[in-house]
Structure formats: structure tokens, C-alpha cells
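Here are the chains, one letter per residue:
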Amino acid sequence: MIRFLGVSFSYRPDRPRETVLAGVDLALPAGLTLVVGPNGCGKSTLLRLAAGVEPPDDGRIEVDGHDLWTAEVAARAGLAFVPEQPDLTPYATVAEILDLVCALRGEPPDSAARALAAVGLDGLAKRSVRELSLGQRRKAMLAAARIGNPGNLLLDEPLESLDRAARAGTLAWIESRHAAGALVLVAAHDVEPFAAAAARALTVRDGRCLLVDPLPGDPAARDRLLERLAGGETPPDVFRLPR
Amino acid sequence: MPPALAAGLLAGLGSWPALAASVPLLAVADLAAGPPRSPRSPRPAHSRGAVRRWLAAWPPPAAERPPAPHRLQVPPAAAASSGRHAPVLLPARIARRALGWRPVRAYAVALLPWLAALLFAANNRLVPLHATRAAVLGGGGSCVLLLASLAGTLAARRPAWPWVRSLPWPARRRVLDDALLLGASCLPLLALTGLAAPAAVPPLAAILPWLAVRAAGAIRRPASPASPAAGRIRPSGEILMEGALLAGLAALLPWSALLPLAAVPVAVRAAAARERRLKVGAWMERHHLAAGDPGSWSGG
Chain A
1 MIRFLGVSFS
11 YRPDRPRETV
21 LAGVDLALPA
31 GLTLVVGPNG
41 CGKSTLLRLA
51 AGVEPPDDGR
61 IEVDGHDLWT
71 AEVAARAGLA
81 FVPEQPDLTP
91 YATVAEILDL
101 VCALRGEPPD
111 SAARALAAVG
121 LDGLAKRSVR
131 ELSLGQRRKA
141 MLAAARIGNP
151 GNLLLDEPLE
161 SLDRAARAGT
171 LAWIESRHAA
181 GALVLVAAHD
191 VEPFAAAAAR
201 ALTVRDGRCL
211 LVDPLPGDPA
221 ARDRLLERLA
231 GGETPPDVFR
241 LPR
Chain S
1 MPPALAAGLL
11 AGLGSWPALA
21 ASVPLLAVAD
31 LAAGPPRSPR
41 SPRPAHSRGA
51 VRRWLAAWPP
61 PAAERPPAPH
71 RLQVPPAAAA
81 SSGRHAPVLL
91 PARIARRALG
101 WRPVRAYAVA
111 LLPWLAALLF
121 AANNRLVPLH
131 ATRAAVLGGG
141 GSCVLLLASL
151 AGTLAARRPA
161 WPWVRSLPWP
171 ARRRVLDDAL
181 LLGASCLPLL
191 ALTGLAAPAA
201 VPPLAAILPW
211 LAVRAAGAIR
221 RPASPASPAA
231 GRIRPSGEIL
241 MEGALLAGLA
251 ALLPWSALLP
261 LAAVPVAVRA
271 AAARERRLKV
281 GAWMERHHLA
291 AGDPGSWSGG
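Residue numbers (my numbering), protein chains in the order written: chain A, 1 to 243; chain S, 1 to 300.
Take these hints with a grain of salt, some might be off.
These stretches of chain S come out as covered by chain A in the derived footprint (C-beta under 8 angstroms, 3 or more residues) [claimed, not checked]:
#1 106–116
#2 149–162
#3 271–281
Some chain S residues flagged as far from chain A (calculated, every beta-carbon gap over 12 angstroms) [what the hints assert, rightly or not]:
#4 Leu-5
#5 Leu-31
#6 Arg-97
#7 Gly-100
#8 Phe-120
#9 Asn-123
#10 Pro-188
#11 Gly-194
#12 Glu-238
#13 Ser-256
#14 Leu-258
#15 Leu-259
These are computed hints drawn from the structure, not numbers from a lab.
A virtual CB, placed ideally from N, CA and C, is assigned to each residue, including glycine.
Extracted from the complex, chain S is given alone in its bound form (with noise of 0.2 angstroms):
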């Protein structure tokens, strides 16, 4: 308990170090609590926690049955790349290039809440109900915190680029690039969830849309005039605000995630006037990094 207990308090402290190390004495605390108790049915002797389980089953014979529908499993490592890429647009790669390696840094920590789910899962016996419920949250969690963790990456490092919007490339179609960029990032977050727990998958892919073009407007959010001195534009709070919400919800209520995939056209309306409506003079060197601005006088 007390090892769960420290790595509830790190993880509540709010910062990235401390919620990393709170995973290792996640662990250590699950290793040391082992398999969950029943009355009906004693603790094996042979049952030393789940994690030590998982390491020594794997991998798992190939002749090995497919997991139990309710149970959240590590997936198989991913298929080698054949090292061939499907064209990509120039936005993309302009993201791609402003983003560098730090998605690497966003996948490890848009890992965390599946992970924790994978454990509660593991940890608990559920009914195939709360399993899939675990999985839609961690699953929805980790898609929310990666596109908190981008979309605050671009709207630093890839502001807005006033020249680009004398070109007739109209809003709604940069603000989609973006979208597709963000929600095809989430992608592999999404195959996990689905290899743990499939049914998992669909309430996840309805709620993505919605999120992924929130997040591409969120992107925009303009230098509030009355208080330009707040600092640099930060949209991670308003995605994760959000995303948690809709994460939780679906949940919950599976079918609660068929309203945001209908209100998909809304959110591009509404992000596309964010887009229109930006002042992008009024984009000032203490809103965001200098790097990558084109409107920067410092950097570039």
C-alpha cells in the first residue's frame, strides 16, 4: 500500500517527472500486492502479481488462445516498418519537421493512463462490461493527453503563418490537415486499446473526429487582447478539459460517443472561424516560442 499510495501522491503533484516516477512504484506496488483476493476462492500459492506474470509468460507461445475478451493484455510489439512512406502533403511534413522527436516524449507519457487501465484490469475481476469500460477510459485518456501534448508542441513551435493565408487555401482546409495529422497520430493509441480490449475500439474512433479537430482549433486560440501579458498560448488545458470529459462519458455511456462523431462538421465550423478570425500581427514574441515563426524577428 504504501509504495501505491507515494505514487498516487506523485502523480497527483501535476508535473511530468513526478508522474513519471510514479509508474515504477506503480509497479513495485502491484508486484507486491499480487492477484486481487476472493473469499469464495484463496489466493494462489503460486500467484505472485500480475506484473511478474506478465513478465514471465512472455511472449506468449504462438499456439497460445486469444485473451479473454474482458481482460486488458500487453499487445504483440508492432510489425517491423518496411521503411517505405506513403506521400505526405506539405503541411504534414512542415508539422512533422516543427514537432521533431518530441512525440517520442508524448507517446511515453500518452501511455500512462492506458497502462494504468491495462493494471486495474489485471488487478481486478471484472465483468467484460467494466473491462471495456477501463479500456475506453484509458484508451481515451491516452489519445487526449498525446493531443494536448502536440497540439501545445505546434502552437509553439508552428504558430500561425500570416503569409499562407493570402493563398487561396481556405481555413477549413488547413484547420482538416491538421486534424488529420492529430487524429492519425492517435492511431496506434487506438490499434493498443483495440488489441487489449476490441470493443473498446468503437466508442474510441466515434469520439477521435470530434477531438482531433478540437484540437487543431485549439491550436488557434488567439492571444487574449485583454491580457497579453498571460503568457505563451498554452491549448493543452482545454483539450485535456475536454477530452476527459468525452473520454469519461463514453465510458460510460458508449453510445453517448455517436454525438460528438455527429457534431464532427460543427467543430470544423467553429475551428475554422477560430482560424479566419485570428490577428496574426498581433502574435507577439512572448505568446510563443520564436522558433519556427515565420513572423519572428529572433527566430528562424
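Only chain A is shown next, with the shape it has when bound in the complex (with noise of 0.2 angstroms):
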């Protein structure tokens, strides 16, 4: 469960008209959630937030019942991020970063090895970002995400770049994160590959959090919902306000 009690942010808080969230108030269990909606309004940054990337300036965040930034151990333990950009240190291998993955989630190191045999790279461990391509760095980051199997998948643009059996096989990784009862939360413009099995949807429109819950059962309706939705449409009689 991730919670939003109040939480506000922006980039640049000296300039209220561009808060990308105001007071946001959110609960989000387990199964998956699609966070939808055009380009800058908020999909990504609502990801940041949950994963402890970037601090609300008002508000808490709660995952698993542990406050993000009081708790931070143990409210990140059980919790996985990918962005959209894969940003990895240039000055470590992805063999050392995922070696530091399995440190921290108290994994053994051999954690490392399965994680990069499951996205096809086990033959890369000891480059560098740099000698990587953006689907390679994309690989990487997913195979951080697996160490540990964490509870909360926080992933965006999860299939971006990625080949086509990269593709198979990420959709195949979160389906069983799903089917084992993880939280996942999924931004994506592309919602088809996930259409089916989300159980809610969640976009964000001048700094509130608005939220689908639960999608049609019927799986044509579900898809217009999500594609209006995605297109930047807010139909009036679908949305149950979180505040």
C-alpha cells in the first residue's frame, strides 16, 4: 500500500502556478495501477515522489505504513523505481550497481547474476553506462528492479526502448509480480500491453490526483476509458476524486 496524506511539490516552489501537485490525498493497494495522461502533467514526477526520488514539500508519503522520509530503510526495503531515464552512475560497472542493489536489500550476490541472465545481460556486467545502449541501460535498470522480488513496483514507461523479446519478457516478470500480490504502478502512454490487467486508473490534472477505481469490467469500454484518459480527457462521470 503506498498512501499520499496531503503532499504537494513542485520543482520550483517559488512559482506557485507551476505546482505539479497540490495537497494530494491517495491510497493505492495492491494490484496494478495505470498512470496515464499526456506529456508534463505530472505521471512521472507522481512516480519520483513514491519512490523517495524527489521530496514532497508538504505532505507525507506512506509505503507499507512506513514514511518515506522518517523510515527510510524500511519504507524503501520492499520497494523497486524505474524511470523513464535510466540513470546509472557512469562510474560504476552494472555488475557493482547491482552488487549495491543486492547490499542494500540484503539479497546474496548471486541475485545479481540471475537478475541480469533474466533481461540478456549476463555477458555485460562489466561495462560501464557508457558503453551501453539506452535499451541496455533500460535492461539494467529492470534487472535491479527484480533483485529481491520487492513488493511495490514503481515503473515508467517499463517497455520504452526495449526489444522485442525485452518486451515479452518485462511483461511476463509483471504479470507474476501482480499474480504474487505486489503493488504495481505503471505510467505509460502505450496502456494496451497492460489494459487488461490493471485494476485502476490514475491521471493527474492541475495538481490533483484523479482516480478510476474500479476500471470497466467490459474490456472495449475499458480500453476507450484508458485511451481518453491517456489522451488527456477527463470524463466527468467516471472520476471518484481521492480528496
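With the hints as a guide, bring both chains together as one complex.
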């Protein structure tokens, strides 16, 4: 469970008109939640806040009952974040970064090798991020997310830049984590691969989070609604305002 | 006097090349000046300057008596490295790779205050207390210069790594990792100071943890939202101002070094809070070098 309690955030607090989130209250239970919306609406920022990458200006964020900023380790222990931009430091090899993840999550070092093999990067462990293509960097991030089987997955455009086989493998992994009862928060413009499994949809408009929970059971109606939300529409008849 | 004056003027220009050029001028001035004159003891005929005497006496004979405690001396060369390295953690390795060979220049510059203190003590007849004060000031200045240089380089070449903040790696630990690396980098300077004036080591060692933690915090200085065009973040000024003040105070009142030592936990908390508050998404290309920034779209 991830909870936003009165969360406000702006990249430039001196410019109130550029506020991304304003006093958001939100509770996301286990299951797959799709975050959709047009470019720049705040999808990635929402995930970065939930992942503890950005600190909120006001309010609190809890992961599994632990405050993200006062109980840093406990809240992040079961959390994996795959950002849209694979920001791996160029001063370490892929293996070193995954070893760090193993150490921080309390996993044995061979978990890193297994995760790399699962995404098809086992031959590139000794390479720096400088020597990897964009798709390979994303695979490295996905390998890091697999370590320790975290119960809360925050995935920002997880299929972007991946080849066909890697997309299939990533979708299978997400489905397996979903089936295991994990919380999966996916921000995506291409909603089709996730539509069937999604329990709810979330979008950000003018600093507010708008939740559709549950999504329509009829596949055609669900797809139509998700496409409208992804296009920036906010059908008033389907929204339950979380606050 | 003219070379010394020129050295002072050059050093006051504020640029590193001018500061470096002032060093040989200072040595020339010392050679020309010779030892200090005393009305009760006329200048010895064999004395032609402290630097020349050092050069003539180097290396010292093995049976030579240890130097008087109030005189700074050129320390013996460090023992050759055994070639073995202690296991280091990834944060330290990342920082070392980000720094590259820049610490060599940083150490060269950082040695200047220590050298100045050495010359000052060699060219003046100082009571032990004053010699210790000069060593504390020189050694402290060296540590502060080194910390400012390394922290500035780290801030530019190894800015915040956004994704790693989502891992169970607390801000306090990340700050302490940096502080440990920065503090350890100052140990050779501390050893040099100790070889010359052992009494200078305790006050310096007492202020070093505070300085290292403050430098780790200065790396995390956020970009000012009010003036984003202010330029690249430079933590050096923050460290230099605070460090110079502390080193001066420790030189005058050695017991005062206990205050920053006792306040280290407060500094750690402040630096960790700064690390948590950092808006990593607000870091822009113009604030730092793109090289080494995992979030950069032109670096890496």
C-alpha cells in the first residue's frame, strides 16, 4: 500500500503556478494501477515522489505503513523504481551497481547474476553504462528492480526502448509480480499491454490526482476509457476524486 | 623584500596560477633574506637562508637527533606503497573515479598553507606555543583547501544520483560515506603536520570530522530556485569560509576545537536533511558539468 497524505510538490516552489501536485490524498492498494495522461501532466513526478527520489514540499508519503522520509530504509526495503531515464552512474559497472542493490536489499550476490541473466545482460556485467545502448541501460534498471522481488514496483514507461523479446519478458515479469500480490504502478502512454490486468487508472490534472477505481469490466469500454484518459480527457462521470 | 612583496601581490590576485607563481618568489625571498636577525646574536656567517640550509642538510643523517618540537621540519618521504589496497565500498570507488587525477592538483595547492607555515616557523624564532599555532593554522588551511577542492570537483562531476535515492540507502549513510572519503583524504596532510609539529595534531584532528561532514553537506547544496542562472554550484566558498574560521580559532584557542567535534552529530543531521530536501529533478545542465551526471542528456 502506498499512501499520499496531503502531498504538495513543485520543482520551483517560488512559482506557485507551476505546482505539480497540490495537497494530494491518495491510497494505492496492491494490484496494477495505470498512470496515464498527456506529456508533462505529472505522471513521472508522481512516481518519483512515491519512489522517494523527490521529497514532497508538504505532506507525507507512506509505503507499507512506513514514512518514506523518516523511516527511509524500512519504506524503501520493498520498493523498486524503474525511471523513464535510466540514470545509472557512469562511474560504475553494471555488476557493481547490481551488487550494491543486492547489499542494500539484503540479497545474496548471486541474485545480481540471476537478474542480469533474466534480462539478457549476463555478458555485459563488467561494462560501464557509457558502453551500453539505451535499451541495454533500461534492461539493467529492470534487472535491478528484479533483485529481491520487491512488493512495490514503480515502473515509468517500462517497455520503452526494449526489443521484442525484452518487452515480452518484462511483461511476463510484471504479470508474475502482479499475480504474487505486489503493488504495481505503471506510467505509460502505450496502455494496451497493461489494460487487461489493470485494476484502476490514475491521472494528474492541475495538481490533483484523479482516480478511476475500478476500471470498467468490459474490455472495450475499458480500452476506450484508458485511451481518453491517456489523451488528456477527464470524463466527469467516471471519476472519484481521491480527496 | 621585493620578491616577497611580489609573491604577496600574486597570491592576493585570487587565481591558482598566480598563487602557484608566488611560491618560487617566496622561496627566492627566503633565500635572499636569510635567518632572522637578533640584536643579541649577530647573524652567523655560515647562514645564507633557511631554504638553502634545508637543501644542504637533506637528507638528514640517520643518527641525527629529532627536531626541536617548536620547529616545523620537512618530513621524511613517505614509505613506498606495498601495492595492496584495502577493500573499498562502491560509493568510494565511484567518488574516486569521478575525481580522476584531480586530487593531485588539489594536494599540490593544499600544501601551500602548510609550506607557508613551515617557512614562517623556520624564519622566526618562535616559542613552542607559537610554532604549534602556526602549524595548526597551516595544517588546517591545507585541509580546508583540499576539502574545498575535492568537494567542488565531486559536486560538478558526481552530482546527485536520483535513482539511488529509491534504494534502502539512507541519506545519513550517503552523507557519511562522502564525509569518510573526504576526511580520509586529509589524513596525509594531518600526518605531514604531525611530523613537523606533533602538538598541532590534536586540534586539527578534532576539527577534521566537522569539516569533512560540512564538506559532504556542501556538495549537496541545492540550486537556488530564486536565481537558477547563478551558474554552476560551487560548494568551495562555503567550505573555505567556515574552515578558515575554524582553523584560525583552533590555532588561537586549541580547546575550542572540541566544540566542532562535539557538534559533529548536528552537522551530520543537517547534511542528511539537506540531502533529503534536494530536488534532484531540478538539477539542470547549467548548474554543473554534464560529465558524470546520470540524469544528464548530454553527458554519460
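Each hint, compared with the structure:
1. 106–116: Coverage by chain A is violated for the stretch 106–116 of chain S (0 residues, Cβ < 8 angstroms).
2. 149–162: Since 3 is at least three, the answer is holds.
3. 271–281: Per the Cβ count (6), the hint holds.
4. Leu-5: holds, 45 angstroms
5. Leu-31: Non-interface label on Leu-31/S holds, nearest chain A Cβ at 45 angstroms vs cutoff 12 angstroms.
6. Arg-97: About 4 angstroms separates Arg-97/S from the closest Cβ of chain A, which leaves it inside 12 angstroms; violated.
7. Gly-100: Given that some Cβ of chain A is not farther than 12 angstroms from that of Gly-100/S, nearest at about 10 angstroms, it is violated.
8. Phe-120: holds, 40 angstroms
9. Asn-123: Correct as stated: the minimum Cβ-Cβ distance to chain A is 45 angstroms, above 12 angstroms.
10. Pro-188: holds, 23 angstroms
11. Gly-194: holds, 33 angstroms
12. Glu-238: holds, 21 angstroms
13. Ser-256: Given that every Cβ of chain A is farther than 12 angstroms from that of Ser-256/S, nearest at about 34 angstroms, it holds.
14. Leu-258: Given that every Cβ of chain A is farther than 12 angstroms from that of Leu-258/S, nearest at about 31 angstroms, it holds.
15. Leu-259: Correct as stated: the minimum Cβ-Cβ distance to chain A is 29 angstroms, above 12 angstroms.
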